[in-house]
Amino acid sequence: MMRRLTVPYVLFSIWVVVLCMLPFVESSYFVHLATNIALFTILAQSWNFIGGFSGYPSFSTAAFFGLGAYAGAITQNMGLPMELAWIFATVLVSALAALFGFILLRLRGHYFAIGSIAIVEVLRLAIASATDLTGGGNGMNVRFLPGGPEYVGMVFLYTMVGLMVLVFALTVWVDKSRFGFGLRCIRQNEDAANMVGINTNLYKIFAYVLSASFCGTVGAIYASWTGYIDPTDSFEILLTLKVPVMAMLGGAGTVIGPVLGAAAFSLLEEIFWANFLEYNRAILGVVIVILIFFLPRGLLNLDYHTLHRRLRHNAGRNPREPSE
Amino acid sequence: MTNQPILKVTSVARNFGGIVAVRDVSFELAAGEIVGLIGPNGAGKTTLINLITGVYPANSGSIVFDGADVTGQKPFQAARRGIARTFQIVQPFPEMTVLQNVTAGALFARQSGSITDAVEESREHLKFVGLADLAETPAASLTLPNRKRLELAKSLAMRPRLLLLDEVNAGLNPTEISGALDLIRDISARGITIVIIEHLMKVVFSLSHRILVLHHGELISGGLPNEVAKDERVVEAYLGSKFAERQRSLSNNG
Ligand SMILES: Nc1ncnc2c1ncn2[C@@H]1O[C@H](COP(=O)(O)OP(=O)(O)OP(=O)(O)O)[C@@H](O)[C@H]1O
Ligand SMILES: [Mg+2]
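Chains as they are written, first to last, in our numbering: chain A, 1 to 324; chain B, 1001 to 1254.
Rather than coming from a laboratory, the hints here were simulated on the basis of the structure.
Glycine included, each C-beta is placed from N, C-alpha and C at the ideal position.
Keep in mind that the hints are not guaranteed to be accurate.
[As the list claims (entries may be wrong)] Among the chain B residues that face chain A by a calculated CB cut under 10 Å, a handful are:
1. T1053
2. A1078
3. A1079
4. F1087
5. P1094
6. R1110
7. S1114
8. R1161
9. I1220
10. L1224
11. E1227
12. K1230
13. Y1238
[What the hints assert, rightly or not] 20 Å max Cα-Cα, derived DMTMM-like pairs, lysine to aspartate or glutamate:
14. B:K1202 x B:E1236
15. A:K176 x B:E1167
16. B:K1074 x A:E190
17. A:K176 x B:E1136
Just chain A, same shape as in the assembly:
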């Protein structure tokens, strides 16, 4: 029992060490890749609060990521120190998420999903049309961090991994807390949850804000990291789809699932980029199809025992089948 419970923590720690070691063993390509993986892990872990624990299919990830990117970029260009700009972005995004959540979380199921994706478009249009502040469709530049590409690469990698550890710790807390228990009840039967004394609206809004806050931070860090953002790139619909798929691939509502899913998906994508550039977009489609048909509850919740037996069974039967 005890051993089963600690496995996720051990795996996660090893994974963190691996990501942190990359700058010492390999080129800037790997540092970039590791930073990206940590970035997506944070987004997937964030989504897990609302989509996994609470069971509300949110597609707002890109909205909060994009908003965070712009909030960070604008305040940084106005002279705010980089770290403060990140914090400002986090606070702003959290506040707006509370407002959106207050309105949106009255909806359930498909209606909530559609409402949550609409926020991405609304914010993209708002940012794109606030030309004075954001440069509109031309995008905007953010001051690069001084100190040479290698040093800068490491700064962003460690920042991103540090945040990933923080969100993981938060996930562990939610998983064990009264709050997380309440979210699971809401996921299973919202009316019954309310009837046992859970303030379901408040819980859902908290979960939604939690799922937004760190998307905002990550967006702001991303803006400082790449040095250039534009509305299309920041409020990308593909991102808003990819992140839930990652979390579900690993196992939504679990502690380690989003970490596993984000890593697996990113690596898969990387392999496709390297080898079949033109099919890269297809990978999301393929993963979605696999998820729906073979892994409805993610890699973590797969019944490995049955799978193993079935495979052995098939392997044992094949030789006896008549060969053509």
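On the provided structure of chain A, position chain B with the ligands as indicated by the hints.
Quick look at chain B with the ligands alone, frame taken from chain A:
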């Protein structure tokens, strides 16, 4: 102080579109009573419970629980104040274990307390309703009688002062029903006020101290079981006016 009713419902009404589900209903519950709420299908019994627990707001009227005006409260507030209910159509958290289901009741109906304490306490409630052996089973895989027991354990775990039972015996066989009745009597002995909605007349009349009769959303009768059983309006509501007329003429002739 002891004479203050635990629940006082005054002229509550609720309609759904054109349908008046509950119309100008008023009654009081004394602490510790078992009150049977009866009435034909569609009479508004479940709706009345939904109004008391805040599932729907009442269109008019007021509800006072333990001296505090609770009109317009939300279900989670009702739960925290000490009103628990079972659902006519059972509402478990399907993928959670039986124990976790009960723990949810123990944990959230109070504002504080640790999960570990709630789990320990929940085991007691499971033992009480006879589900201790199934504690680790997912709620979804329970049989109907056991789901009803789970509903009961979950609402008991909320440590209610008022318990509203919406057809907890429906779908149970006679042996199971007599077991359930013993449970309800035990619960009442703890001092919990109970409202029981029940279609089986024998059951309600034997169990209740007092009966309330709803018909077309209106409270048409109320009183001691043997009085209500003789009330013409009740006989009419249940068996139709023709039958009631025949009863009347028979008793007049006889
Ligand atoms: N949510 C709702 N929306 C619309 N109509 C409703 C709703 N809830 C109840 N009703 C209507 O209100 C009336 C009373 O229903 P209610 O469920 O309270 O009756 P009941 O006495 O519990 O009946 P039963 O014995 O069949 O459980 C019915 O006509 C029902 O169709
Ligand atoms: Mg009913």
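Checked hints:
With 10 Å as the threshold, the beta carbon of T1053 of chain B comes within range of chain A, its nearest partner Cβ sitting at about 7 Å, so the hint holds. Below 10 Å, beta-carbon pairs count as interface contacts, and A1078 of chain B has one with chain A at about 8 Å; its hint therefore holds. Proximity of A1079 of chain B to chain A holds as hinted, the smallest CB-CB distance being about 4 Å (cut-off 10 Å). Restraint check, F1087 of chain B versus chain A: the minimum CB separation of about 8 Å is within 10 Å; hint holds.
At about 6 Å, the closest approach between the beta carbon of P1094 of chain B and any beta carbon in chain A falls short of 10 Å, and the interface hint on this residue holds. Interface restraint check: R1110 of chain B against chain A, minimum CB-CB distance 8 Å, threshold 10 Å, status holds. The interface hint given for S1114 of chain B is met, as the beta carbon of that residue sits about 8 Å from the closest beta carbon of chain A, less than 10 Å. Annotation: interface hint on R1161 of chain B violated; nearest CB of chain A at approximately 14 Å, more than 10 Å.
Annotation: interface hint on I1220 of chain B violated; nearest CB of chain A at approximately 29 Å, more than 10 Å. A hinted interface residue such as L1224 of chain B counts as satisfied when its beta carbon comes closer than 10 Å to some beta carbon of chain A; here the least separation is about 32 Å, so the hint is violated. Contact between E1227 of chain B and chain A, as hinted, is not supported at the beta carbon level, the nearest pair being about 34 Å apart and thus beyond 10 Å. With a least beta-carbon distance of about 37 Å to chain A, the hint placing K1230 of chain B at the interface is violated under the 10 Å criterion.
The beta carbon of Y1238 of chain B is not positioned within 10 Å of any beta carbon in chain A (closest approach about 30 Å), and the interface hint is therefore violated. A distance of roughly 18 Å separates the Cα atoms of K1202 of chain B and E1236 of chain B; the hinted pair therefore holds under the 20 Å criterion. Among the hinted pairs, K176 of chain A with E1167 of chain B is inconsistent with the structure: their alpha-carbon atoms are about 35 Å apart, more than 20 Å. For a cut-off of 20 Å, the pair hint linking K1074 of chain B to E190 of chain A stands: about 13 Å separates their Cα positions.
A hinted pair counts as satisfied when its Cα atoms are at most 20 Å apart, and K176 of chain A with E1136 of chain B qualifies at roughly 18 Å.
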